[in-house]
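Taking the hints as your guide, dock the two standalone chains into a single complex.
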Amino acid sequence: MTKFTAEIYQNEYLPDGGSEVNAIVTVTSSATGGALSAGEGAEAVEVIMVDCSGSMGQPSTKIRAARQATAKAIDCLRDGVWFAVIQGSDIAEMAFPGNQTIVQASAQSRAEAKAAVGQLRPGGGTAIGSWLRLASALFDLRPQAIHHAILLTDGKDESEPHPVFTAALAACEGRFQCDCRGVGTNWVVSELRSVATALLGTLDIIADPAGMEADFRNMIDSAMGKAVGKVALRLWTPKGATVRFVKQVSPTIEDLTTKETRVNELTADYPTGAWGQEARDYHVCIEVKPAAVGAEMLAGRVSLVVNDEVASQALVKATWTDDAALSTKINNAVAHYTGQAELAQVIQEGLEARKAGDTATATTKLGRAVQLAAESGHDGTTRLLAKVVEVEDANTGKVRLKSGVDDADEMALDTRSTKTTRVKH
Amino acid sequence: MPAVACPNGHESATSDYCDQCGARIEGAGPPPPAAPTPEPAAGAAPPPAPPPATGAAEDLECPNCRSPRSTEEKFCEVCGYDFVLGTLPAAPKVEAAVAPSGPPWEAVVSADRDYFERNDVDDVTFPDNCPDRVFTLSEGELLIGRRSERRGVRPQIDLSGAPEDPGVSHAHALLRRQADGSYAVVDPGSTNGTTLNEGTAPLPQNVVTPLKDGDTLYLGAWTRILFHAPAPHPPP
Chain C
1 MTKFTAEIYQ NEYLPDGGSE VNAIVTVTSS ATGGALSAGE GAEAVEVIMV DCSGSMGQPS
61 TKIRAARQAT AKAIDCLRDG VWFAVIQGSD IAEMAFPGNQ TIVQASAQSR AEAKAAVGQL
121 RPGGGTAIGS WLRLASALFD LRPQAIHHAI LLTDGKDESE PHPVFTAALA ACEGRFQCDC
181 RGVGTNWVVS ELRSVATALL GTLDIIADPA GMEADFRNMI DSAMGKAVGK VALRLWTPKG
241 ATVRFVKQVS PTIEDLTTKE TRVNELTADY PTGAWGQEAR DYHVCIEVKP AAVGAEMLAG
301 RVSLVVNDEV ASQALVKATW TDDAALSTKI NNAVAHYTGQ AELAQVIQEG LEARKAGDTA
361 TATTKLGRAV QLAAESGHDG TTRLLAKVVE VEDANTGKVR LKSGVDDADE MALDTRSTKT
421 TRVKH
Chain U
1 MPAVACPNGH ESATSDYCDQ CGARIEGAGP PPPAAPTPEP AAGAAPPPAP PPATGAAEDL
61 ECPNCRSPRS TEEKFCEVCG YDFVLGTLPA APKVEAAVAP SGPPWEAVVS ADRDYFERND
121 VDDVTFPDNC PDRVFTLSEG ELLIGRRSER RGVRPQIDLS GAPEDPGVSH AHALLRRQAD
181 GSYAVVDPGS TNGTTLNEGT APLPQNVVTP LKDGDTLYLG AWTRILFHAP APHPPP
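Residue numbers (this note's numbering), protein chains in the order written: chain C, 1 to 425; chain U, 1 to 236.
Hints may be right or wrong, so weigh each one.
Label pairs and their calculated CB-CB ranges [stated by the list, open to error]: (1) U/V108 x C/Q277: 55 to 61 Å; (2) U/A231 x C/D393: 40 to 46 Å; (3) C/V243 x U/S182: 28 to 34 Å; (4) C/R262 x U/P204: 56 to 62 Å; (5) C/T185 x U/D132: 52 to 58 Å; (6) U/A201 x C/S403: 35 to 41 Å; (7) U/V108 x C/T242: 53 to 59 Å; (8) C/Q277 x U/A162: 50 to 56 Å.
These are computed hints drawn from the structure, not numbers from a lab.
Idealized CB from N, CA, C, for every residue including glycine.
Next up, chain U with everything else stripped away, as it sits in the complex (with noise of 0.2 Å):
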């Protein structure tokens, strides 16, 4: 079988992905399903078009700032352009699709002991000392769950602080804005769930489920969450 050259300038005996560092090499059997992109920014130049599919091994410049680079790199080191996807990184997150009208809503960490009894759940106990811990949403999707390196998981609503509540899953929930600046919230599979509001059931998984002004979720073994929306006209 003829050698294949990857996007990564290997030489590859196997045509779909690279049989060294398992990059996928371009024309190889039908594109890989859409990656979710974000939103371009407002004001973001807009990508440049791909390399040439051929020769990429070949070219020692960036198509995009021609700076020169070498055939093991993957990245371009000035400005990031990815050579096997032919992108620029993402953009970081400006403010994602709906911008904030008004001051941000607030979410309020506690531990509820009502809820903990309710719970009752073995081998945790309540913790003693859990003042409040008041996050401001200010970006349009939040997660919701335990830091984790390992797994890639930072949570902007980060819970791995003490007292830790070891009903938490990493990636416990998601938060998100709508378009008339309030947020919604998206249970993506935790390991225990997400309950809105007392008395009801936890939320079916991958169901956005609008917030309101004071509402509470409750997850884990002890954690309440409460959310806090601007009033419309803040007094003067």
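Chain C extracted, bound-state conformation (with noise of 0.2 Å):
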């Protein structure tokens, strides 16, 4: 059994006359009688799309690592999980099982699977929606389960008009959540993104093939340790309130505002994809209509909704104030993330400036950048930021932009952007 807790963090007070209030909600889950173990995990679909395009051939080690990589995730599918392998080109293809069909993991299975990849050649375009509605279909097989998927590619979708790519990835939405892998540099960030936004997955790049095989198991692993899928983040909100925004602030920033789904006239939800036992931060932000000084009002019920059950809630609240030194504290989990949220929108503006020629745009932007994740302590993307631009203070946000950057550290750092660190409390 996997339980929920949610916790509320936020200054309900307001300034007279103020109306939006912001709360982060801390949701955890852990299991209950002991953590799971291999076997005993529900039931799940694996479904690995892997690019085998012209292009994946050249290099041939790109094929080779991908080949490798998907034998090491098939390696690491439990026992019993259902699970397939796509060949996708200008065509979506059964790599195995042969059949348009889903197969269970044992030691058999597991090895013709392998053999299955080792035959993988590249040929042909890159068409990902075909590939996506390949794997809706497989999932379909078992509606119940939990399902996921990888998405591997190393190109841009160019093989089929863009409202089918789109339409292929609208009709996906909701139904499995996919992590996506671009390899080497001449796929589109931005493409790959609205797949892994749209599919409540993660995105990274893979910049060397020898880095594929760690990362396949790191994504394998963490899909088997999820226990539940299809878990909501239920807010009601009182009458005349608005909802602002609703966004995941960790482990990465997801905004999650237009994914709701109305459950009747004041309450929404909204989609956070399958748990395992972790830890997510997520900002809620409300308008309410401003109450007198001294009034205190419910301005939002969180709650998680599991199989359709609440399993706990958290109230966000608003008390107004004439007392400023209350009203304007900004609480600190709020000031965190939203600097957070800050950091990644001018780490990819910058980069589109930089990417446009406008040199002042994207060094104000970098810069601030700089000194964002200084402040924040964010020292995986101080790294990616240093190699591409030169900082001359990371205080004040001094930088110069660097010339002759490789694309795949201005890749890597667009595509970690969204990554944040997680505010102590």
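See the structure below:
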């Protein structure tokens, strides 16, 4: 069994006339009655989509690394987990098993799958939408299971019209989660990010094919650790209030605002995907009607919904005061994650400006990023930024753009811009 | 679950806060942490007793001034009585706790080029034309900052007029009159901090620091605020 707890961190005091309520919700899931051991987990389906387009053979280290990484991922599948491997090009084909179905992992099926994966040959184009549609059809064979996919590509989605791609993506939303990996530097960060974001998955670059094996193993281990699928964050707000945004802010920033499903006039659900034993933070921002000084109201009721049952709840409050010392204080957690969200935004905007040749904007934005990363102790991002800019003074954000930046470094900074550091409560 | 009546007359399935309007339902759990209430002004009538907890929805007159009310209303339209909390609206801030003695302090806001250059902020240019702005400290508590309607921040020392210093937070610092009529400053957590006089470290957040005549606060990219205390015996 998995137990969920939700805690609120906020400054509930608003100045007279104030209307914006901010809160960080920390959701923790833990196993009751001991941790899960192998073979004990919930029913799961794993689909691996491997890009086998012609470019995967240039150089051939890419397709070789993809074969090995997929084989390693298959080794990590728990006995009994349903799985399949899709060979993706300008069409989607079954690499394993032969026909359009899924099989349960066992010593024998794993060996057969690895043999099939060893035969993958590069050729053809890239139509990611068709791969996603085939994966979705496979997941439908076990509708109640936890659905997880891995998508590996090295190129741009160019063998299908863009509306076909976006329609396929929209059709898959809510049906399975998909971690996306780009290998090399010829894929498009924004394109793969749209898949990862829509399908509640992670996004990363594998600059060097040699790094693929460890990364695939981590993704499968994490997927095998999920005990509950399709958990939603439910938010009730009072009449007259508006939800400005709901964002996951740790471990990565994912804006969930537009993914809402209305439950009733005052309540909406936001999807959070499958959960293992983990903790995530969400930033909720609600606009309420101001009340008189001294009044207290409930601005939001946050709960977790697991299999249509409410698992835990926490209260977001608003109290109006004329003591400015109380109302002007910004809660630690809210301040931290507001900074982390700005960090992700200035990195993405700075890199975009850099690509467009707008040096002044790029310098300002990336300088601000250096400053925010240093302030929040985000060492990973600080290191990635130092590959793109020359840091003169991290405290004031004084930087110079480097010339001759490695594409892989720039893409790594872009893909990892949404990773956040956790606030210390 | 039986429906509970909320102070605004809604039927709520939840018994802690109303599931319609969010109002706190009487008798639900422990009371909230005491909301800070202003010192009652001299001569103000004592707040009337809260209305009986039961039957709030049926009361058709204001318990304070006896004017008729509807169950939909949260406040009395005549006297402003809060039906939820059972309190009168906060009295207008009359010279707060400490009455001023003698002429008021003054704060002179200017753009300081030396400070601007020490700061070395990118992307901010020093304003070409920034006449001094003089604020008379006539209230017991004043906020220094930039006005924001959306956040409900309305500083008494409002620096949002042009030229605007982008480094000043909406709620940047708070001035409080002390018992002896002098002022003290508190930085409640401004983004870029507040420095008292040259060559010192920024003020620690949420610590009350007394000011004396001639003290200068530096904030934002170029804003300097000089404080003048009135002379104890003004010349004739």
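Here's how the hints hold up against the structure:
1. As the Cβ distance of U/V108 to C/Q277 is approximately 59 Å, the hint placing it in 55 to 61 Å holds.
2. For U/A231 and C/D393, the Cβ-Cβ distance of about 44 Å falls inside the hinted range of 40 to 46 Å, so the restraint holds.
3. At about 46 Å, the CB distance of C/V243 to U/S182 disagrees with the hint of 28 to 34 Å.
4. Taking the beta carbon of each, C/R262 and U/P204 are about 46 Å apart, not inside 56 to 62 Å as hinted.
5. As the Cβ distance of C/T185 to U/D132 is approximately 56 Å, the hint placing it in 52 to 58 Å holds.
6. Distance hint check for U/A201 and C/S403: the Cβ-Cβ separation is about 38 Å, which falls inside the suggested range of 35 to 41 Å.
7. For U/V108 paired with C/T242, a C-beta distance near 41 Å fails the hint of 53 to 59 Å.
8. At about 55 Å, the CB distance of C/Q277 to U/A162 agrees with the hint of 50 to 56 Å.
The structure is inconsistent with the numbered hints 3, 4, 7, although it conforms to all the rest.
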